[in-house]
Structures are given as structure tokens and as C-alpha cells.
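Under the UniProt record's numbering, the first residue of the sequence shown is numbered 1, with each subsequent residue one higher.
Hints are computed from structural coordinates only; laboratory data are not their basis. One thing to keep in mind: the hints can contain errors.
[Stated by the list, open to error] Restricting the straight-line Cα-Cα distance to at most 16 angstroms, the calculated cross-link-like pairs of lysine to aspartate or glutamate (EDC-like) are:
#1 Lys185 x Glu203
#2 Lys58 x Glu88
#3 Lys643 x Asp712
#4 Lys122 x Glu88
#5 Lys643 x Glu595
#6 Lys152 x Asp119
#7 Lys474 x Asp489
#8 Lys185 x Asp154
#9 Lys589 x Asp648
#10 Lys340 x Glu388
#11 Lys699 x Glu773
#12 Lys737 x Asp712
#13 Lys340 x Asp305
#14 Lys164 x Glu130
#15 Lys589 x Asp577
#16 Lys171 x Glu211
#17 Lys589 x Glu485
#18 Lys643 x Glu664
#19 Lys699 x Asp778
#20 Lys643 x Asp662
#21 Lys336 x Glu373
#22 Lys336 x Glu374
#23 Lys297 x Glu277
#24 Lys167 x Asp200
#25 Lys737 x Glu773
#26 Lys92 x Glu130
These numbers come from a predicted model, not from an experiment.
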Amino acid sequence: VTAHCLPSGLFRGQIYKGIPLNPTQSELHLDEPNWTIFLLGRSDLLVLICLFLNSLTKDMTGKEDVYRGPAIRALCRITDTTMLQAIERYMKQAIVDKVPSVSSSALVSSLHMVKMSYDVVKRWVNEAQEAASSDNIMVQYHALGLLYHLRKNDRLAVTKMLNKFTKSGLKSPFAYCMLIRIASKLLDETEGGHDSPLFDFIESCLRNKNEMVVYEAASAIVHMPNCTARELAPAVSVLQLFCSSPKAALRYAAVRTLNKVAMKHPSAVTACNLDLENLITDSNRSIATLAITTLLKTGSESSVDRLMKQISSFVSEISDEFNVVVVQAISALCQKYPRKHSVMMNFLSNMLRDDGGFEYKRAIVDCIISIIEENPESKETGLAHLCEFIEDCEHTVLATKILHLPSKYICFIFNRVVLESEAVRAAAVSALAKFGAQNDDLSAECMMDSDDEKALNAAYIFNGLSVSIPGLEKSLHQYTLEPYENPFDMKSVPLATAPITEQKTEIAPVATSKLPEKLGPSRQDIYQEQLASIPEFQTLGPLFKSSEAVQLTEAETEYVVRCIKHTFARHMVFQFDCTNTLNDQLLQKVVVQMEPSEAYEVVHYIPAPSLPYSQPGSAYTLAQLPDDDDPTAVSCTFSCTMKYLVRDCDPNTGEPDDDGYDDEYVLEDLEVTVADHIQKVLKPNFGAAWEEVGDEYEKEETFALASVRTLDEAVGNIISFLGMQPCERSDKVPENKNSHVLFLAGVFRGGYDVLVRARLALADGDNGVRSSEETVVDVILASVG
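Modelling step: build the complete structure from the supplied sequences, incorporating the hints.
Take a look at the structure:
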């Protein structure tokens, strides 16, 4: 019992008389006279709690209105299911009490108790409906909230409630806002059209006298999916009026919502441009920033110059966070109007010279680089601005990123080799190596070198290493701890599980993406450490690949089981994450028994010791992979059965019975495909990688893809089936093409590179597979065939 929740009457005057308090060592005196709390023994504390509850009940039904509301809230916070029925009569009376504070306290407390005892609170619906007709705005709002939460799982009941209150009318603006949200959610769930009475109700709220209700209705309309510009017009008109409101909160709400509308329907916001331009000079810089970014999304090409001048007047006055938003909007505008790149590039270069933090500078650099990549005409100007920036750049990450740009600016890059820190020097050397590898003229002076390293261009310059950096660091450290006769083998290093995709994402997320100074452990690194802690798995070697979780049960079943497949060089570990959703059962010694359809051999089972209610646990199955002599044996289907010991238990206390019985539960079949044996690896220069692997183990085959209607569908199916990484944007099929070439790259378990070149056409094409190991080629062809 703490001092701040003591109600009136408790621990006052003679409350201690007749109670054996047995004070132990000390007592705590509160500020108010006659209040004392003694440190009690357990039995005395139970007596005190009973007095506490009796005092709360007395205050709840007393004549002092100032104490009744707090007493109701305190009592309902500490009561449980068994005690709730004892105070049910008092709660019903409190809900319809004429004192608003008492009624609101009872309604809010009832809402909290719905999660604990839904069936009891549901019996108070009549009282809640009576409270919903109260003249007090808060009582009406709380009553509506309770009614909705009691009926939210019954769509028909919610619909009837909406019809009732939308026709009868409400006095509380808070209740109106809740009705709008409920109607909007129901429209979304039922996929109701804009001809629905619910939409008519929301639109009618745009004419409400209360500004809060009007904004809530406008916000609900603009967030509805599949809304046309015509249907958005009434909401946009209301928001336009709010833009000229004397209240800063309304102006901010309006411009923030219009900013969101402009992302999908810029034409609908064009009518508000004049009002938005007036907000650029608003004293509230948050409003001004949102106004300018909205204008950048909706403005015309002719207004770009004027907008840039207006922006320059206040960018120095706002924080870096808002400046990043402005940069994102400029980037999007440059994509929309590429001919205006010079104006925006000059503006961005001026922003680069100003003071600012790392995130702000990185957003500008990313924006300039994206403009260069999208618009070839802007390349020379953009590179000049970036080269000028790195002369005095204090951020290592930005300098290393800029250094990998075209060879015309080698002198700037060479200066970084001489002048900068280790990380920047390394980036500069890497950039110079790429220029030399790609341009024979630049590397002509090195041709007389006796150590010809041109053959390594593909592996180390064009495509680079595809290993996990934390894994490489850990493997090198382990290599130095013990004497090894053999040289360090890169195949022992785990691969990077998330290769950087070649596809360009939207500009806005790029500008705000986090670029950590130090790479943290990947998902696969975490799994590697987790599995290595299990003695039975310590001799399996490095983890090659971990799959995504595969659901083996339906979500609503009594036991929820999912499987993660961990592939090693010669073994596969199946991790079964199990959850028991029955509160009257305790599962023990949980094992998932697997029966393979192919040459796989189950070696060992590791059970989950215990599965209490709603507490997940993991069971493991270790299987040995078949010999590589049979390429068709890579794929396999396992039938899975979960076996366990069941002990019934008390749902309330969780105490299990002494005796148990064996039981089993049949799971869905689990498939192991060729994709589980291949790790995705990006090859930015596929041609160089193809030549480096050589044609010693190259094989060609022609296949007919059944039930495939388009090239897009064929490309997607092949990528998904093989589990390899598309290179050089070959996963994007140009429109109106009858043929396409798909380049795929990966690494087969054991560290063998495998490349696939597939020509998709209506007739036979030039297809082939190359690898550094012949068996891998056979596996790929056998899996497709």
C-alpha cells in the first residue's frame, strides 16, 4: 500500500486501535497529520488490506462526491474477478450517477475491467446506454467508448450502434470524434464504397460547429483508401480554411494533413497553393517547413525558381530535422522536373556549405547523388559540388561514399589517399582500383608489372567480398588464437545475409536511412552464436544459411509451431519454435519427430524441456544431408509430428498435476528445396564474374515452364524457386518484350560460386549454368528439371 493511493478515512484517528500492528524497525510519517504507515508482518498486512478495501467501498458509496470517483478508480485497479461481482451493484449505480465525475470514473474503470472480466461488464450495457444520453460531454464520450469496446467483435452490433447515435445526435465533440473513427474503421473492414451511409455521416461532420470534429472528419476522409480527387475535395476545402485560422494548432493540423494528401493526390492540393505560400513566413517554423514541402510536391515547373528563393530565406532558421524533410521534398521535385536540376543543385550545394549535423549533410549528399544518377546532364555539376565538399568534409562515412564516383575526378580522390584518415584512405584506394580495372587507359602504366593481378578484378574489385563483416572479424580472430598449418580459408566465413540490392528505392527513405558507423551482428550471426551454445551442434562448422520461418500450424490452433531451417556444410538443423495457447495444460519433453522422403538421415533430437501457457520454447532436430553424388536428393519433404508429455494444470494458478500422459500433434509437411542450400550473393558486374568462374563446369539445358503466361511471372518464379540473387537489374522485364535474359548469382553450401544465365523467350534460347564445382551445376539443373 503506497501513500499516494490512500483514500479518505483510511489510517485516520482511531483506525489503528484494536489491530496488532507489530511494528518491526521503523515507521514512515506522511506530511498530513494523523497519517502513519507501519512496516507490517504478512498476517497483519492481510488485515490491513481488508480494512483498505472496506474503506474504499465505504468511500465509493458515501455522500462525499469528491471522494467517490477516486475511490471507484482505486478499487477497480486492485479488484479481481472473484471480487468484481461483490461490487457489481455499486458499479451499475455509479455509471448512471448524476454527478459527472462519479459516472466518468465508473465508465473508465469499467473499460479497464473489460479485459479482466468481459462477461460481468457486459451486463452493464443498459446503464452505459443510459449514460450515453448524459448532457455532460465527458460522460457521453466515456459511455460511447465502453459500448464500442463491448461490441467491437460483433460487426452487426457496432453497425446498429452507429446508426443509433448518428441519427439521434450527440452533444460531446469527443464522442463525435470517436464515432467518426469507428465509422472509418468499419468502412475499411467492410470495404464499403463512398456511397455508404457511413461515408455520408463522416462527410456531414465536415459541417459540424466544433473545429475538432471537422478536422477529425477531414482526416478520416483523406486517409481512406481508393479516394478520388473529387471525393477528397470537401475535406481539402475544409483544410484550406484551417490554413488561414488564427489558431496555430489548426494551421499545423491542416498543413500536416495536406502534406500527406500531396503524396498520393498532388493535384487535389493544388487549389491550396496560395494559402500554403502564405504559411511559408509563419512564425511557427514547423508550419512553414510543412508548407514548403507540400508546395514542392504540388508546385508546377514554372514555380520552382520562386520556391527555391523562398526556401533559402528560412532554412538557416530551422533545425536539421526539418531541413532533412526539405531535402527529401527537393529530391522528389527534381525527379518530377529534371530540367530544373541546375536550380536545385545550386541550392543544395549552398546547403552543403552551411553548418549542420551528419544526418542533414548525408541527406543532401544522397539527394545530389540520386540527381546525378537519374539525370546524366547534371553529372558534371553535381560531381564538382561533391568534390568541393569532401575537401573539408569532417564526416568519414560521407567522404568514403563520394569517393566511389567517376574517374574524371581522380585528382580529388588521390588527395584523400595522402591527406585523410585510415577509413577515407582505404575508400580512396578502393575507388582508384575500380577506375583502373574498368579503364585500360588508366592502368596502362601497370602492364609491365610482373605481378599481374588483373585476373582478380572480378572477385575483389568489380564484385567485392560478400562475407559477413562481423563474421569475418570473428573468424580471423579465432584463426590467430590457435596455430594452423593451412592458410586462412574464406569459405569458413559466413556470407552476408542481406546483400545490397541494386534497385533504387524511393528518394525519401534513402535520405533518412540510418548508416551505422559500426555494423552490428546480423540475423544469421545471432543464430550462429545461439546454435553454437548447444553442445550437439558445436562440431557442425560455420552456419551457411538460415531460412525464414515456415508456419507448420494455423494461427488459431491450440499449439502454434513454426520452423527455421539452418543449413550447414553437411548437416541441417531444424529449429521448431512452439507456443502452447492452452492455459489448462503444461507440455513437457516436446520433440518434433521427422520422417524424410529422400536420403536425409535424422541424427539427433533435442526436446524443448517445458512449454507453459503462452511462453514459447524451441525444439531442435539434426539431420545429415545426403551425399552430393545424387543431385536430385537435395530436395526433400519431411512429415512432422510433435510429441510431448501433457500435464493438466489450474488455469488461474498454473499449478500442474503430478501425473501426466503422452500425446502427439500432427503438423504440416516441411519441404527442403534447392533454395535452402544456396545463399544469395550480389554480383554488380555479372559478366566479369561469369568469365572468372570459367566454362570448365558449364552446362546448358532447355526447359519449358508450364502455367506461366508472362515473362514477369516466369522471372519471379525462377528467382523464388532457386533462391538466388538477380544481378544487373535483370529481374525487371522491359515492356512489350518477347524475350529477356535473367542473371542470377549465389553460393552453394560449401562455398562454391554458382551463376545462372537464363534466356526466357517463346523459342529456345541461350541458357546456361556455371560453377566452380561440377556437382553444383548438376544440382541446379536437376532441381529445375
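Here is what the structure says about each hint:
1. Restraint check for Lys185 and Glu203: satisfied, since their Cα atoms lie roughly 15 angstroms apart, inside the 16 angstroms limit.
2. The straight-line distance between the Cα atoms of Lys58 and Glu88 is roughly 14 angstroms, inside the 16 angstroms bound, and the hint therefore holds.
3. For the suggested pair Lys643 and Asp712, the alpha carbons sit about 44 angstroms apart, so the restraint of at most 16 angstroms is broken.
4. Straight-line distance between C-alpha atoms of Lys122 and Glu88 comes to about 11 angstroms, which keeps the hinted pair within the 16 angstroms bound.
5. Between Lys643 and Glu595 the CA atoms are separated by roughly 13 angstroms; this keeps the pair inside 16 angstroms, and the hint holds.
6. Between Lys152 and Asp119 the CA atoms are separated by roughly 14 angstroms; this keeps the pair inside 16 angstroms, and the hint holds.
7. For a cut-off of 16 angstroms, the pair hint linking Lys474 to Asp489 stands: about 13 angstroms separates their Cα positions.
8. Taking the CA atoms of Lys185 and Asp154, the gap is near 13 angstroms; set against the 16 angstroms cutoff, the hint holds.
9. The straight-line distance between the Cα atoms of Lys589 and Asp648 is roughly 15 angstroms, inside the 16 angstroms bound, and the hint therefore holds.
10. In summary, the hint linking Lys340 to Glu388 is not supported, as the alpha carbons are separated by about 22 angstroms, beyond the 16 angstroms threshold.
11. Under the criterion of a C-alpha separation no larger than 16 angstroms, the hint pairing Lys699 with Glu773 is consistent with the structure, at around 12 angstroms.
12. Straight-line distance between C-alpha atoms of Lys737 and Asp712 comes to about 10 angstroms, which keeps the hinted pair within the 16 angstroms bound.
13. As the CA atoms of Lys340 and Asp305 are separated by approximately 8 angstroms, the hinted pair is consistent with the 16 angstroms bound.
14. For the proposed pair Lys164 and Glu130, the alpha carbon gap of about 13 angstroms is at most 16 angstroms, so the pair holds.
15. A distance of roughly 14 angstroms separates the Cα atoms of Lys589 and Asp577; the hinted pair therefore holds under the 16 angstroms criterion.
16. Distance restraint check for Lys171 and Glu211: the Cα-Cα separation of roughly 14 angstroms lies within the 16 angstroms cut-off, and the hinted pair is therefore satisfied.
17. At roughly 44 angstroms between alpha-carbon atoms, Lys589 and Glu485 are farther apart than 16 angstroms, so this suggested pair is violated.
18. Restraint check: the Cα-Cα separation between Lys643 and Glu664 comes to about 4 angstroms, which is no more than 16 angstroms; the hinted pair holds.
19. Note on Lys699 and Asp778: the hinted pairing holds, with a Cα-Cα distance of about 8 angstroms set against a maximum of 16 angstroms.
20. Distance hint between Lys643 and Asp662 is fulfilled; the C-alpha atoms sit about 7 angstroms from each other, no more than 16 angstroms.
21. Only pairs whose Cα atoms come within 16 angstroms are accepted, and Lys336 paired with Glu373 is accepted, the gap being roughly 14 angstroms.
22. For the suggested pair Lys336 and Glu374, the alpha carbons sit about 11 angstroms apart, so the restraint of at most 16 angstroms is met.
23. For the hint pairing Lys297 with Glu277, the CA-to-CA distance comes to about 13 angstroms; that is within 16 angstroms, so the pair holds.
24. Between Lys167 and Asp200 the CA atoms are separated by roughly 12 angstroms; this keeps the pair inside 16 angstroms, and the hint holds.
25. Simply put, Lys737 and Glu773 have alpha-carbon atoms about 34 angstroms apart, too far for the 16 angstroms limit, and the pair is violated.
26. Restraint check: the Cα-Cα separation between Lys92 and Glu130 comes to about 11 angstroms, which is no more than 16 angstroms; the hinted pair holds.
Of the numbered hints listed earlier, those contradicted by the structure are 3, 10, 17 and 25.
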